[in-house]
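For reference, the chains in residue letters:
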Amino acid sequence: MSKKNTAPVKRTGFFGRLFHSASAQFADEMDAARAADVEAIVSPGRQVLNNFLDRKLAVGALIVLIGMFIVMFVGPLFMPKYKDNYTDVTQQNMAPGMSLMKVPDELKNDIKTIDGYGTFTVGLSNAGKVFVWGSTQIGTTGVDIGDIPEEVQNTKIAMIAAGYDHVVAIGEDGKIYAWGAWQLGQYDTEEEYIAKGKPTDPNIAFFPQELRDNGVDVANVKKLICGYQVSAILMNDGTLYLWGNKRTYANMDLFLRAPAMDDIAFTLNYVVGLAGKHNAIYSGSRDLFTMVKQELNGKAVPTADYLGDRTIEAITATNKNVALVLSDGSLCFSGDFNLDCTPVPKLQADEDIIQIVGGAYHYSALTNKGNIYSWGQNELDQTEVAKDYAGTAKLFRGSCQTYAVSEDDKLVTSWGLKGYPFGTDVRGANVFQRIIQGGRMTMTVGAVAVIISSIIGIIIGCLSGYFGGKVDILLMRIAEIFSAIPFLPFAMILSAVMGHMDISENARIFIIMCILGVLTWPGLSRLVRGQVLLARESEYVTAAKAMGVKESTIAFKHILPNVMSVILVTLMLDFGTCMLTESSLSYLGFGVQYPRPTWGNMLNGANNATIINAYWWQWAFTSLFLAVTTVCINIVGDALRDVMDPRSSAEK
Amino acid sequence: MGKYVLKRLGYLVIVAVILSFILFMIYSLVPANRAYKDAQDQIKAMKNSIPEGQEQQYFDEIYLRYQRMYGTDSKNPVVRYLRWVGVYPLYDGSFDGLLQGNFGYSYDYKKPVVELVQQPMINTIKINIWATILGLGITIPLGIHCAVKRGSKGDQAVQVFTIIGYSLPTFLIAILFIWLFCAKLHIFPPSGMSTPGSHFTGFRAFLDEMYYMALPLIVSTFCSLGGMTRYVRASMIEALNMDCIRTARAKGLREQVVIYSHAFRNALIPIVTLVVGWFLGIFSGSLMVENIFGWNGMGRVMIAALRTADYDVVMLMQMFYIMISLLGTLLIDIIYGIVDPRVRVNK
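Chains as they are written, first to last, in this note's numbering: chain A, 1 to 652; chain B, 1001 to 1347.
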């Protein structure tokens, strides 16, 4: 810059010297030099900023970092429904994607039925064609529900139902087809099961051989329904065919021997039915579903007392509870409800419910006035009814969705869970939400730890460097003792000791921050001491001393600001280190613990090759966030150090 | 020099004592009572021979005996600490502490801690020697190369990679490598130390071990590459800017000689400190890598002991780590003096 400005003024040629006196030329040059100087002088802060802005990589990293901070600290405000300890068995290990509610175009105008229980949904067109959408990969078994067997594709299907990991379909010819996971006896007869190389299992109710041999009379099938790993076909004459995994359904044996049934439904753990006089829910046991209530969180009363002379017309089940439609058109409920459910709607005087469907945790109902209501749990937006449902004639359930279909079998609208952008974890919680919440925790722990360590480090460094002598020796010895402590093992032992004490999780987290802070200060204090030692000998400090300024004022007001730049860089890099240490501790299980998410403990499920391979989304996204953040911190920190340290920038 | 070393050793002992005291105090916060547990066990075992109604009396008696045996009958933690070290007599007047060679007893494994850590120690040393050789073999040439070709495309690429390398936590790299090498490429086994059920001998056993060691080795080497390469590069750059290098070049020495004989000797001084620290890490092992890959080393023993609250093991391991780190600092200072004749340590 300076060269350009001085070039036209400089007259160094022979003629220049000839026609100008030496002094005039000297004066010119002085002016030029002065002008150049004036231009060149910028404040040190400005210079550092300019140098920093010259580094494209560092600027990019800084922008990413600031973005991260904003997302992590503002993001949680947009998730009012988020809960730390949220779990859901039916939503476990779902792959990332937003296609859970995406009805295939081909099916949209020709819907015969839609059914969903777990992570995927099946649909059947009037032409008898089967469609599957949603998250169709089942666990680590390698089963993909989306691989519809060829014989099913080639047959006209009459009825279809979806379970948690299997699908059952009945062809127009009465033949029964099924596909999906089979290991727990979802659809094999005993012979077929043994033929697949498994020993027979008393905990499995095998598929009835007579159905395999003879099929069913399609016209007489009243209901085809699937549960977690069970399926049932109910005939018009009350005959019940029931098969599947008995481990999850404690009362299934009683149903296998049961008399004629008029209706059947599955919760997550029990089979419920309707039989005989329709004055109680049939569960095969005296203590299950014997109390009903009018409101989800209302007072439970014995069924007989509540019903009076009314009877139960139909039952619909969700995972934890059952809805009963009574003969006078009113509703009541039996089972457990979470406290924060969307309440049951108040119907108008002459409004009757004509259809009710139950998903995993919600109910949706259609009334004779054409209104649709949803109630139940709303963690996954199940009860946020879409506005444009006019013209709906039928409702179909997905596990967390409701599909509204018009009289001419066209899809009107649908609402509920669209999907998980980053999938779900092993407990069924939304990984994306946990990453945001965990990021806030990780960053908070890192930041507080750094603040603690910097307070200790700066005070001790300043005192030690400024006063020197005995104080210096003593403080530096203490620092040495602290730096002799092996970091990770010591933090672990402290954390483990705390685990045996009776303190709240918040207190534990704060203590972890303190541990990190207390163990990292020696490095910073040594750095500050070195800088202070340098500054102490400088002239402005001598001047201050000569003026009789108090010693502590000199140390903290005159010297500290001058070493601030170095401290800031170290703080930046320490912040990264503290975040990493917290993650490592939490990963090993000695830091912040489960319901509270942090980037470290979210990764500790990823500890074997099968899970790492099958559920890549459970570690990949979290790792990416952690990696990007720490890499950015280090890039920015390094760049800052380079631009603030004149020696290293001279080298460049 | 001798006087300096003695002085440092004395200081080391003092620090070790202070740290062990702090550690013991933390340890005594844990509500674990070995004497109580043992007494209960014994009462259960001799249940039939105790007269009715006298259980409590018998229990108190046995409990007291165990407390006296373990030296926990005193409420004063300082006394308990001194007994643990072995400079204060137990109830019966005998000494039984660290100084007498009683390093504690593992409750989970029912054997003395020293016996327990022998095999893990060997395993840890085995893997870390390879890691050190590999690490130094890669980082030093790479760092020198980057310093010499400073600013080139290659150097910039290495700079970016190393910054990524040292920003990522070990467990993340381990997860990534398991995914890549075990799940996708099926080259290495994801964990373990030898093929289950195999009884290889001789060379075959060695090969099998190397096969299982490969992935943890790669991960621990990879993790140390970033920091070390940057360090070597920085000190080499500093050395290359020295006047003596200019002189050497001016004399017309070959570039190879200038770099490796003149500059590297000077760059070596800061590097030595790092190498020594690294060698000491051979004994302590990597908590993370051993834990993830199921390598039965010191780090794994430590974590297992912490999880099951086997605190005698934890205490000894912790003291071991502290001693290693203190000795390391001392060793670095002494070696610094030897390598760099300008540093006069005996002042």
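Since the hints were derived computationally from the structure, they do not count as laboratory data.
Among these hints, one or two may not hold up.
[Claimed, not checked] Capping the alpha-carbon separation at 25 Å, the derived lysine-lysine pairs in DSS-like fashion look like this:
no.	chain 1	residue 1	chain 2	residue 2
1	A	K129	A	K112
2	A	K410	A	K108
3	A	K470	B	K1149
4	A	K293	A	K346
5	B	K1153	A	K56
6	B	K1007	A	K470
7	A	K223	A	K387
8	B	K1149	A	K56
9	A	K81	A	K320
10	A	K222	A	K346
Everything numeric in this text was worked out from a predicted model, so none of it was measured.
Hint check:
1. A:K129 - A:K112: The given pair, whose Cα atoms are some 10 Å apart, holds under the 25 Å limit.
2. A:K410 - A:K108: 6 Å, holds
3. A:K470 - B:K1149: 46 Å, violated
4. A:K293 - A:K346: 15 Å, holds
5. B:K1153 - A:K56: Judged against 25 Å, a Cα distance of about 16 Å means the pair holds.
6. B:K1007 - A:K470: 17 Å, holds
7. A:K223 - A:K387: Violated - the C-alpha atoms of K387 (chain A) and K223 (chain A) are around 30 Å apart, more than 25 Å.
8. B:K1149 - A:K56: This hinted pair holds, its Cα atoms lying about 22 Å apart.
9. A:K81 - A:K320: 20 Å, holds
10. A:K222 - A:K346: With a Cα-Cα distance of about 31 Å, the restraint between K222 (chain A) and K346 (chain A) is violated, given a limit of 25 Å.
In summary, the structure is inconsistent with hints 3, 7, 10 from the numbered list given earlier, while agreeing with the others.
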